[in-house]
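Enquirer: Chain residues, written in single-letter form:
There are 8 protein chains.
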Amino acid sequence: MHHNQSSPLVGILMGSDSDLSVMEKAAETLKEMGVAYELNISSAHRMPDKTAEYARTARERGLAVIIAAAGMAAHLAGVVAANTTLPVIGVPIKSGALKGVDALYSTVMMPPGIPVATVAVDGAVNAALLACQIIAVGDAELAKRLDDKRVANRAKLEEKSKKIKAELGLE
Amino acid sequence: MHHNQSSPLVGILMGSDSDLSVMEKAAETLKEMGVAYELNISSAHRMPDKTAEYARTARERGLAVIIAAAGMAAHLAGVVAANTTLPVIGVPIKSGALKGVDALYSTVMMPPGIPVATVAVDGAVNAALLACQIIAVGDAELAKRLDDKRVANRAKLEEKSKKIKAELGLE
Amino acid sequence: MHHNQSSPLVGILMGSDSDLSVMEKAAETLKEMGVAYELNISSAHRMPDKTAEYARTARERGLAVIIAAAGMAAHLAGVVAANTTLPVIGVPIKSGALKGVDALYSTVMMPPGIPVATVAVDGAVNAALLACQIIAVGDAELAKRLDDKRVANRAKLEEKSKKIKAELGLE
Amino acid sequence: MHHNQSSPLVGILMGSDSDLSVMEKAAETLKEMGVAYELNISSAHRMPDKTAEYARTARERGLAVIIAAAGMAAHLAGVVAANTTLPVIGVPIKSGALKGVDALYSTVMMPPGIPVATVAVDGAVNAALLACQIIAVGDAELAKRLDDKRVANRAKLEEKSKKIKAELGLE
Amino acid sequence: MHHNQSSPLVGILMGSDSDLSVMEKAAETLKEMGVAYELNISSAHRMPDKTAEYARTARERGLAVIIAAAGMAAHLAGVVAANTTLPVIGVPIKSGALKGVDALYSTVMMPPGIPVATVAVDGAVNAALLACQIIAVGDAELAKRLDDKRVANRAKLEEKSKKIKAELGLE
Amino acid sequence: MHHNQSSPLVGILMGSDSDLSVMEKAAETLKEMGVAYELNISSAHRMPDKTAEYARTARERGLAVIIAAAGMAAHLAGVVAANTTLPVIGVPIKSGALKGVDALYSTVMMPPGIPVATVAVDGAVNAALLACQIIAVGDAELAKRLDDKRVANRAKLEEKSKKIKAELGLE
Amino acid sequence: MHHNQSSPLVGILMGSDSDLSVMEKAAETLKEMGVAYELNISSAHRMPDKTAEYARTARERGLAVIIAAAGMAAHLAGVVAANTTLPVIGVPIKSGALKGVDALYSTVMMPPGIPVATVAVDGAVNAALLACQIIAVGDAELAKRLDDKRVANRAKLEEKSKKIKAELGLE
Amino acid sequence: MHHNQSSPLVGILMGSDSDLSVMEKAAETLKEMGVAYELNISSAHRMPDKTAEYARTARERGLAVIIAAAGMAAHLAGVVAANTTLPVIGVPIKSGALKGVDALYSTVMMPPGIPVATVAVDGAVNAALLACQIIAVGDAELAKRLDDKRVANRAKLEEKSKKIKAELGLE
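Protein chains in written order, with our numbering: chain H, 1 to 171; chain W, 172 to 342; chain S, 343 to 513; chain B, 514 to 684; chain V, 685 to 855; chain A, 856 to 1026; chain X, 1027 to 1197; chain L, 1198 to 1368.
Derived by calculation from the structure, the hints in this document are not laboratory data. Being a predicted model, the structure only gives us computed values, none of them experimental. Keep in mind that the hints are not guaranteed to be accurate.
Stated by the list, open to error - Under 10 Å between C-beta atoms, here's a sample of chain W residues computed to sit facing chain A:
{"id": "1", "residue": "Y208"}
{"id": "2", "residue": "E224"}
{"id": "3", "residue": "E330"}
{"id": "4", "residue": "K334"}
{"id": "5", "residue": "I335"}
{"id": "6", "residue": "A337"}
{"id": "7", "residue": "E338"}
As the list claims (entries may be wrong) - Taking lysine-lysine pairs in the BS3-like style, the calculated list, with each CA pair at most 25 Å apart, reads:
{"id": "8", "chain 1": "H", "residue 1": "K144", "chain 2": "W", "residue 2": "K221"}
{"id": "9", "chain 1": "W", "residue 1": "K265", "chain 2": "A", "residue 2": "K949"}
{"id": "10", "chain 1": "A", "residue 1": "K949", "chain 2": "W", "residue 2": "K202"}
{"id": "11", "chain 1": "B", "residue 1": "K607", "chain 2": "W", "residue 2": "K334"}
{"id": "12", "chain 1": "B", "residue 1": "K657", "chain 2": "B", "residue 2": "K538"}
{"id": "13", "chain 1": "L", "residue 1": "K1228", "chain 2": "L", "residue 2": "K1353"}
{"id": "14", "chain 1": "B", "residue 1": "K678", "chain 2": "B", "residue 2": "K538"}
{"id": "15", "chain 1": "X", "residue 1": "K1170", "chain 2": "X", "residue 2": "K1182"}
Unchecked claim - Distance windows between CB atoms, simulated:
{"id": "16", "chain 1": "W", "residue 1": "K327", "chain 2": "H", "residue 2": "K156", "range": "48 to 56 Å"}
{"id": "17", "chain 1": "B", "residue 1": "S519", "chain 2": "W", "residue 2": "K333", "range": "21 to 29 Å"}
{"id": "18", "chain 1": "W", "residue 1": "K270", "chain 2": "A", "residue 2": "E1022", "range": "48 to 56 Å"}
{"id": "19", "chain 1": "B", "residue 1": "S519", "chain 2": "W", "residue 2": "D319", "range": "37 to 45 Å"}
Glycine residues also receive a C-beta, built at the ideal position from the N, C-alpha and C atoms.
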């Protein structure tokens, strides 16, 4: 039985409402995997107090992992990580002239002491899967669901491979 | 009481013996935090079977997290992640002409389905701390030790700040 | 006489079905040059066993060259090359925020011991021509066809040059 | 008369004590220009509360400008700017594998609403001069000293030009 | 009372009329903040005399800050800064094949002696806000308006956060 | 029996004598694998006729593969490939301010029609191994030697792994 | 009197017919400046003999300057420069995944001995103007026309500046 | 007969005295080719009036070409080019954290109307040769000397090739 209705284990933060079109895939993936989550806009720059407070109280409120997504000079994940020792997953968002390279460097190049677990630019699905994998260290059922999803994905991809070969007259 | 002598929770893999000078800081950090670990050279390219086998059996052997460090076209973390649903932390190593940008992109830009939790280029200490943070989701004592370490680091930095100000005659 | 119907000499692998729009030009080029090929989706990350198995058995199944195309953290060519000593041609695919620079670095910056013959980002035609050139080392007729194709291309380009000059009133 | 002994107008913050070797040139420049300053280590990540508090109280404590220097994922200037509407000057520090490109992007690519006045990587002297120029908007004497310094610099450079020409036998 | 009708405190320069679509946001922001401004096209390359003259006479004409926006090899801000000790804010404009990285480097990497306060690529709004923050060092009312704007922005963002959570059925 | 003394199968070209310190590893690897080679300096820019002539006559002189190494605007491999349909392997050399990124792009980004099989920056060993792999398509003994070398390399790396673990007291 | 009908002084070469959409602006500019030119497609890779021959005979055929435009691994300008001591102007063309950075590096980073006068990516107009400036070293009338064109451009830009200010109600 | 003692045809400008170690090779090359030159430090930023004046009067003082070398945000060549229609050759100098990429972009990416003939980063020799090639358009003797130098360079390189082959026992 999935604990969808229970209190959230994963907190998704976004630096801007424009990040939602990317990050809703993280929400969908968590839902699909049966992991309860909450979601907030909490800009590191425009809402510094809310962001720090959210991170500082995250563990006591029952969160296990925080996913933080931001673009450009993406400080959100780092600022959250500075205020908690929960695992923080950073999602660099592609936006502006530099197309996400700025957000990638701003998120991943953290100095010693304050790690951020960074995924690919716009890597919302992988952020959610990584959160699940972290929770699954102590949740064998969830680990099983993750394994099952991989098997299913592999089968789907194998189907596509067959279809393409048929279309090209190669089988 | 630290479980240093117990069976390893973290597996450190390196693509080459030359990565050791960077990665020994990860080993030291895990030791300091009291988290048992093992360490192996397991090149994704030169030892593909060993690497896949290591990853496939990691959960049943009791590992909770795998740290994978490699330079240049750094496929190690991705190959490990492809063979387990344990959390995999990737450490891009600075080596060769491109100075780690190649390793960073090869480690972090994983396609949807197979996440790698990437830290900074040569980010060995943060890889170890992140592994601890992941384990601490289910280990309140370790979480406490992580919090204590932060407080201690802050105090040390504050000392340095005071010393510098004294040297500059600013206080 | 071209050996189009015979058993394949070139194996094309793609990390994702979305790579087909680029890679079908490789298939067309091989067909045009009369070199038999096969084509499969075989993601290094989502199908690690299939990929390793494919590479390990390639030589005994009669393949001479493998072309591996993937985007982002493009490990496919490297993983294939790790499992065979056949020549492996890597095609970095432009996709995602970094537009193929990530795939280029992930494909070309292989450590000593496991080479990948890398072509340009999205260089599907050249991957096929390079495969032909490799096979033509032992196939004088194919070498002749490659030379003829160059002569024909040159003539076509010369035609275009003349047409442009006429349009600009320069001749 | 210079107001060197008076209460500080410029606050210099550094993310790490290792930034001092670069930033002491900012301190020297402010001293030379007769602008009182203070200096602190205040890591955005390791001292988030101190940093926010410093920025929030800066204006009421009489500061006119804050200079913030940090390397790698350099969030310091952005975090300071998020907590004050005083002008904040960011100095990206060259350190680690990416040699300051990461710090530059992390400092300059701020989203709309929270500006950081960014100078060159390791641009400590210019950060100090820019702080002076900002203060000089309301301090005609300081503006005069800035103009004088430029004239003096020009003369020095002209001397060097003559010396080189003499050495090369060109005059 | 806003001093909108009074003589300009901020001079906006653009290297090309094509920069207007970005820079009109700077003009709007200054208007909104009640800071009088003027605006000119003054290419560093095509109008070198006008540009130097503009900068040289800026302080005596009552300007407090100059904002200079240019794309590609963006020399405008540097050339202006070379001719005045007023604070000069540089806005790198995204244009041409390199998409603003060229303009960013050309604007921010100024040698010691001649600072340019650089904002993000296409960062017109922040350039205007930074100009306001500089003027507000000596204008408590403007400082108050800047603080008020931040509070208002925060409230708007909080509204968006609530709306998104409602839409996702998370509250 | 190795055909070391026989007429060369691989031609190594270098754009400059300064490339020898990198490329001698290619020569050593070919020697070790028992593949006869020749070696020449033949700058695409300073010796255009020699270079074109070398490439045009390569097949009839019995060469099977050409390895071309050059730094900066590295045109050598492309120019050689333009004059032969033999497989041409390009080795970008790290030199000058851009540290080999220029040589990599100049070598790998060939337009459709003229492929260059590019290896890593300074990838001399892999260039030689790739040449061997190409020749081994028609030489089962060489293929066997390549396989044996991989097994030997793997064993050496496994030894290093054990030694490190012993040193760290982990076994 | 313009010598439009006379024998060409400038030779424009393009690596591909797809470069025409950019390079026709070079042709138009030369026409406008009254400098006779010729134009050819001459790919360094697909037409190596034609290209070398063209360059070798250029001076004796009366050309004064050659403009060479190419994309990706843009060897055309370098190959032309290798075969003549006439001034060669290189125009890197934006095309393919790397958007012209590859062409820029391939064109500008020439090794000592064989210079290429490189202009901006897609800088067709400036290539033509530079060719005129080179010819104008020995042609005072052309120098005059170049000066006049600058004055005219300045006036046009000043008009645009006035129009924009009028539209914004700033004058 | 070389016109070494005559009035200078080439003016070398450097943005800083630290550029001399690179640019003295340009002076040596001009001397070797028998082309009279002058040399000045003339920073675009610290000596804007001198620089503009130098460029504006260059043609009437008898200069044929100006070489301008600068590092970081290298505006010198562009500023010179803005003030003359003589051909201006830009030499980006490697200095500071970005190692010359900043200087390259700042020099080469000039907007339409004001061309700069850019050579490689630190390309002092090629700048001098290009200046000679430009002058040689109207000076057949100099053209002959340039051709002779190429032949001599080729012979020297051929000697090196033979020496290396002898050392490796390949001939």
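Enquirer: Each hint should be assessed against the structure and marked as holding or not.
Expert: Do the hints match the structure? See the list:
Because the closest C-beta pair between Y208 (chain W) and chain A is about 8 Å apart, less than 10 Å, the hint holds. Nearest Cβ of chain A to the Cβ of E224 (chain W): about 13 Å, over the 10 Å cut. The hint is violated. Here the hint on E330 (chain W) is broken, as its CB sits about 31 Å from the closest CB of chain A, past 10 Å. Of the supplied interface hints, the one on K334 (chain W) is violated, with its beta-carbon coming no nearer than about 34 Å to a beta-carbon of chain A, more than 10 Å.
A distance limit of 10 Å between C-beta atoms decides the matter here; for I335 (chain W) the minimum to chain A is near 34 Å, and the interface restraint is violated. Taken as an interface hint, A337 (chain W) does not check out: its beta carbon lies about 40 Å from the nearest beta carbon of chain A, beyond 10 Å. About 37 Å separates the beta-carbon of E338 (chain W) from the nearest beta-carbon of chain A, more than 10 Å, and the hint is not met. This hinted pair checks out: K144 (chain H) and K221 (chain W) have alpha carbons roughly 24 Å apart, not beyond 25 Å.
With a C-alpha separation of about 15 Å, the suggested pairing of K265 (chain W) with K949 (chain A) holds against the 25 Å cut-off. Between K949 (chain A) and K202 (chain W) the alpha-carbon distance is near 39 Å, which puts this suggested pair outside the 25 Å criterion. Distance hint between K607 (chain B) and K334 (chain W) is fulfilled; the C-alpha atoms sit about 23 Å from each other, no more than 25 Å. Simply put, K657 (chain B) and K538 (chain B) have alpha-carbon atoms about 21 Å apart, close enough for the 25 Å limit, and the pair holds.
Note on K1228 (chain L) and K1353 (chain L): the hinted pairing holds, with a Cα-Cα distance of about 20 Å set against a maximum of 25 Å. Between the alpha carbons of K678 (chain B) and K538 (chain B) the distance comes to roughly 30 Å, so the proposed pair goes past 25 Å and is violated. A hinted pair counts as satisfied when its Cα atoms are at most 25 Å apart, and K1170 (chain X) with K1182 (chain X) qualifies at roughly 18 Å. Evaluation of the 48 to 56 Å hint for K327 (chain W) and K156 (chain H) yields a pass: the beta carbon distance comes to about 52 Å.
Under the hint 21 to 29 Å, the C-beta atoms of S519 (chain B) and K333 (chain W), about 22 Å apart, fit the expected range. Taking 48 to 56 Å as the suggested C-beta distance range, the pair K270 (chain W) and E1022 (chain A) does not conform, at roughly 28 Å. Checked against the hint of 37 to 45 Å, the C-beta distance between S519 (chain B) and D319 (chain W) comes to roughly 41 Å, which is consistent with it.
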